[in-house]
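Residue numbers (UniProt numbering), protein chains in the order written: chain A, 1 to 306; chain B, 1 to 342; chain C, 1 to 365.
It should be emphasised that the hints constitute simulated quantities derived from the structure, not laboratory data.
In this text the structure is predicted, and so the values were computed from the model without any measurement.
Take these hints with a grain of salt, some might be off.
[Claimed, not checked] Derived DEER-like restraints, expressed as beta-carbon distance ranges:
(1) C/Tyr20 <-> A/Lys122: 45 to 55 Å
(2) B/Leu254 <-> A/Leu14: 42 to 52 Å
(3) C/Thr207 <-> B/Leu236: 24 to 34 Å
(4) B/Asp20 <-> C/Asn208: 33 to 43 Å
(5) C/Ser260 <-> B/Thr35: 23 to 33 Å
(6) A/Lys122 <-> B/Thr35: 44 to 54 Å
(7) B/Thr35 <-> C/Gln348: 52 to 62 Å
Glycine is no exception: its CB is placed at the ideal position from the N, C-alpha and C atoms.
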Amino acid sequence: MAKYLGKRIFYIILTLFIVSTITFFLMKLMPGTPLTNQAKLTPTQIHQIYKQYGLDKPVWQQYLVYLGGIIHGNFGTSFQFSNQPVSYLISSRLGPSLIIGGQGMVLGVLAGLVVGAVGAIKANTWVDTSATIISILFISIPSFVLAVLLQYYLGLKLRLFPIADWGGFMYTVLPTLALAASPLAETARFMRTEMVDVLSSDYIELAKAKGLNKVGIIYHHALRNSLIPVVTIIGPLAVNIMTGSMVVENIFSIPGIGEQFVKSILTNDYPTIMGLTIVYSAMLCVVLLITDIVYGLIDPRIRINK
Amino acid sequence: MADNAKQTSADDFTPIAGADRAKLDDEKIATPSLTFLQDSWRRLRKNKAAMIALGLLIILFILAFGSHFFETHNPNATNPNFANLPPKIPGIDINGLNGTLDQSGERVNAYAQAHAGNNWYLLGTDYLGRDLFSRILYGTRISLEIALIASFFDLAFGVVYGITSGWIGGRVDTLMQRIIEIMLSIPNLVVMVLLILVLKPGMTAIILSIAITSWINMARLVRAQTLELKNQEFILAARTLGESSWKIAFKHLLPNLSSVIIINLMFTIPTAIFFEAFLSYIGIGISAPQASLGTLINDGQKNFQFLPYQMWYPAIVLSVLMIAFNILGDGLRDALDPKSRE
Amino acid sequence: MENEKDVLEVRNLKINFNTYAGTVQAIRDVSFDLRKGETLAIVGESGSGKTVTTRSIMGLNSPNAVIDSGTIMFKGQDLLKKSRKQMDQIRGRDIAEIFQDPMTSLDPTMKIGKQIAEPLIIHKGMKREKAYAQALEMMKLVGIENAEQRINNYPHQFSGGMRQRIVIAIALVNYPEILIADEPTTALDVTIQAQILDLMKELQAKTNTSIIFITHDLGVVAGMADRVAVMYAGKIVEYGTVDEIFYNPKHPYTWGLLNSMPTMDTGGTELPSIPGTPPDLLDPPVGDAFAARNKYALKIDTEKQPPFFKVSDTHYAATWLLDKRAPKVTPPEPIIERQKHYAELVHQEIDKSKGNHVEEQEEQL
Ligand SMILES: Nc1ncnc2c1ncn2[C@@H]1O[C@H](COP(=O)(O)OP(=O)(O)OP(=O)(O)O)[C@@H](O)[C@H]1O
Ligand SMILES: [Mg+2]
């Protein structure tokens with residue numbers, strides 16, 4: 001186990017190193033500098049600012065400085081908010097993103113499991129058809145459309161929840177719903193296929209031959225066997241949530257990293273973009289590592305000791 | 001037994017010979033079995049939802065690529081005098097299609113207010129007076145073009161990558177899989193954004209960024225299937241017969257991969273359409289004055305409270321596009337992989 | 001044929017399947033008995049209806065199955081009239097089943113101890129400890145070494161043969177009256193196969209369970225079964241004791257099956273298989289379903305289904321060749337050999353007991 005963990009963590013570090021390197025050199029290719037939007041500066045002022053950002057040194061030195069900084073959790077200073085370190089910008093905004101992302105994930109996966117399991121148990125009936133329609137709709141309707149509709153109808157029209165801003169659980173409801181749609185649909189689909197498969201397997205047939213009734217079969221044999229593989233799609237679902245959060249946070253004006261990412265893109269705030277890219281990759285790596293470990297723990301057939 | 005009731009004659013107890021025997025033998029011949037593709041097509045045709053989706057997509061394709069014949073106005077021509085006109089079809093008097101608007105509880109005729117005369121706009125106009133219908137057609141065309149290009153990359157790159165990795169195996173395979181693993185630990189959208197920033201927003205940047213991220217799934221699935229097929233008898237037989245490795249890969253492997261490829265292609269397409277709309281929505285995709293479903297939705301959303309049609313129509317078209325591709329994809333999967341559903 | 005010793009009596013069973021293509025007449029009038037403590041083998045080619053027959057005894061046919069007619073009497077009650085709940089109580093307690101593939105028959109995520117204990121907990125309402133203790137006994141009985149430790153193992157930690165022993169333990173843990181074994185050894189290699197068959201015989205001797213043993217391998221039947229029923233296209237075409245079926249077969253289909261069976265002296269040489277394919281059960285032929293593949297077919301075979309003709313008290317065959325009016329046909333060479341051998345056997349028997357002569361006569365079933 002320790003060996004496996006060590007190996008995985010090594011690969012995560014390698015991945016993040018590659019990501020940082022690629023991001024750094026891509027950013028060097030970028031058109032525009034922090035000064036593009038401020039034309040009237042004297043050459044000395046410009047030099048001053050370049051020096052402040054370390055832009056006067058050769059590229060390879062900048063690269064080493066940058067890598068050294070990352071190791072200490074320092075991603076440089078934002079172009080957009082001149083005096084704010086990127087690390088502070090990100091850490092202060094991580095909370096709201098993790099809250100709505102986490103809630104969306106939990107809600108989506110749990111609801112998806114129920115919808116998928118019910119669809120499989122009632123396969124080829126109207127219940128199954130409705131479950132399938134729900135998943136197709138939620139997979140197909142883009143998060144930004146859903147978010148606007150939720151905001152307008154549940155927020156503005158029915159006044160059930162605040163339409164934007166941040167401050168307590170009620171503010172998280174609508175963004176959570178908007179983010180939960182995609183994991184719900186994906187989980188439901190996956191779960192249905194998995195469970196239909198399990199329900200037609202030989203060991204379910206043997207459970208029937210033992211005299212177990214339908215409830216017993218589902219509860220003791222079918223559910224666990226179809227639940228285990230669901231762990232493997234948590235990683236891709238996390239990616240969906242990250243993507244969705246960029247627009248959802250924007251629409252609901254939530255001070256999270258998704259909103260910051262879009263803002264930084266639109267203002268060419270390269271240090272922040274780079275920092276966020278690395279943070280997003282790191283989060284994904286951690287989610288993938290955790291799901292792999294969990295999978296190994298709950299599926300007796302998989303042993304983590306390679 | 002009941003059939004003993006009928007009297008039998010001694011003649012019945014002679015062995016069957018000659019013509020009778022031949023006739024009996026004929027019955028042994030089973031009906032010819034359908035080929036795999038014919039069989040799949042037959043299954044797909046039975047799937048009503050998939051056939052409706054296919055029909056819808058064909059209509060959307062014709063409308064979008066023939067948009068020159070269908071568009072009622074130039075999609076990019078602005079006309080500030082006719083800005084924000086609601087949908088109107090002459091002769092139809094239903095709220096929402098008769099050119100009237102709800103303004104503080106009263107319905108007013110927006111066309112009369114704008115002195116629009118005999119002009120009418122099927123789906124209304126946007127804040128610059130551009131014809132929404134024509135813009136939606138144009139945006140749909142962009143979505144479909146992106147879809148086609150993403151599919152092309154899926155095939156040209158993903159399939160080749162997958163086959164190569166699985167077929168060669170060994171160290172090459174390990175290396176190629178490591179590359180994929182690294183790509184998978186960066187969210188697709190982040191990769192796209194970085195590329196677009198480097199290349200400057202626009203159609204080329206979008207296409208490239210979607211292409212670069214879309215092939216990965218295809219490569220993984222094709223590789224897995226290749227590994228499975230590699231050790232099967234017909235491949236081994238071809239090998240012992242001394243056919244060249246690449247010839248085997250393309251002559252024997254590709255046909256057996258076709259199900260996996262088609263199914264996965266059907267899921268690449270909606271993903272690509274989504275990402276284009278998404279990038280355009282956040283403002284780094286297709287740029288003004290060109291229309292994309294994403295930018296149309298973004299524009300419409302700003303006025304959603306007062307002019308809901310401006311967002312509803314592009315949003316509906318985008319959703320229908322996605323739904324249709326997803327349903328068709330599901331249908332194809334069930335048809336090509338019969339064990340996936342009873 | 002009502003018999004004190006019968007534990008199961010299947011009468012005139014007809015089962016259809018509704019499919020897209022039409023109605024598949026899978027079981028077309030099947031009757032047989034199962035006696036206490038005996039092993040009845042059901043043999044026949046793939047698709048002949050062996051599995052469907054036993055599935056309907058278990059009450060586990062697929063949803064598109066329609067029981068057209070028939071009764072399955074068990075302990076004086078018709079199983080076909082039982083509700084799903086009542087069948088749940090019978091399955092795993094009175095009638096148990098083991099399946100073909102031990103690799104897929106066990107729940108991969110449940111410890112085997114629990115899987116073996118489950119039928120005890122369901123049917124006897126046993127507490128966990130007691131059920132596990134009995135499961136452990138059962139594991140020892142079926143020959144799993146280190147049972148105390150292995151009770152907490154998962155299926156993937158066992159070999160195929162061991163897994164089939166576990167499946168047998170699950171089936172027998174409640175000492176059922178009837179054990180249905182649907183090709184229990186097809187998926188195993190030959191040496192393991194023999195071990196499992198020995199185990200089944202040994203356990204049968206201990207528990208006096210009646211076994212319905214399904215296979216298309218006649219070689220296995222010889223050592224296992226007391227009686228044999230040969231199925232073809234949804235019907236039983238011949239049944240009798242093992243000796244009768246092996247050494248005095250009367251139905252041309254049984255001849256074909258025996259001829260395609262490997263024996264000591266055929267070794268590795270190519271065996272003649274029965275040419276042709278079974279009829280389409282969507283539209284079964286009017287007369288004898290085997291006629292098209294039968295080189296001894298008579299005209300009447302295409303017009304009328306043959307009734308059972310009595311060969312001996314225990315041996316019946318449904319072929320018009322046994323009718324008085326039918327011409328005498330010469331069976332294939334190896335069958336004649338078998339019949340000669342059988343005649344000797346019978347003579348020895350007669351010398352011993354001065355029993356009755358074997359007589360061929362028509363019998364209405
Ligand atoms: N659910 C079903 N729907 C339609 N037809 C079925 C179904 N189940 C079985 N059949 C048909 O019933 C017939 C008998 O099948 P069965 O499984 O009993 O054969 P079998 O003798 O057990 O063969 P095998 O040796 O291959 O196990 C076959 O023709 C089969 O196609
Ligand atoms: Mg069978």
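Verification of the hints:
1. C/Tyr20 <-> A/Lys122: 45 to 55 Å: violated (21 Å)
2. B/Leu254 <-> A/Leu14: 42 to 52 Å: violated (34 Å)
3. C/Thr207 <-> B/Leu236: 24 to 34 Å: Check failed, 47 Å falls outside 24 to 34 Å.
4. B/Asp20 <-> C/Asn208: 33 to 43 Å: With Cβ atoms ~52 Å apart, the hint is violated.
5. C/Ser260 <-> B/Thr35: 23 to 33 Å: Since the Cβ atoms of C/Ser260 and B/Thr35 sit about 31 Å apart, the hinted range of 23 to 33 Å holds.
6. A/Lys122 <-> B/Thr35: 44 to 54 Å: violated (34 Å)
7. B/Thr35 <-> C/Gln348: 52 to 62 Å: Hint holds: Cβ distance 59 Å, inside 52 to 62 Å.
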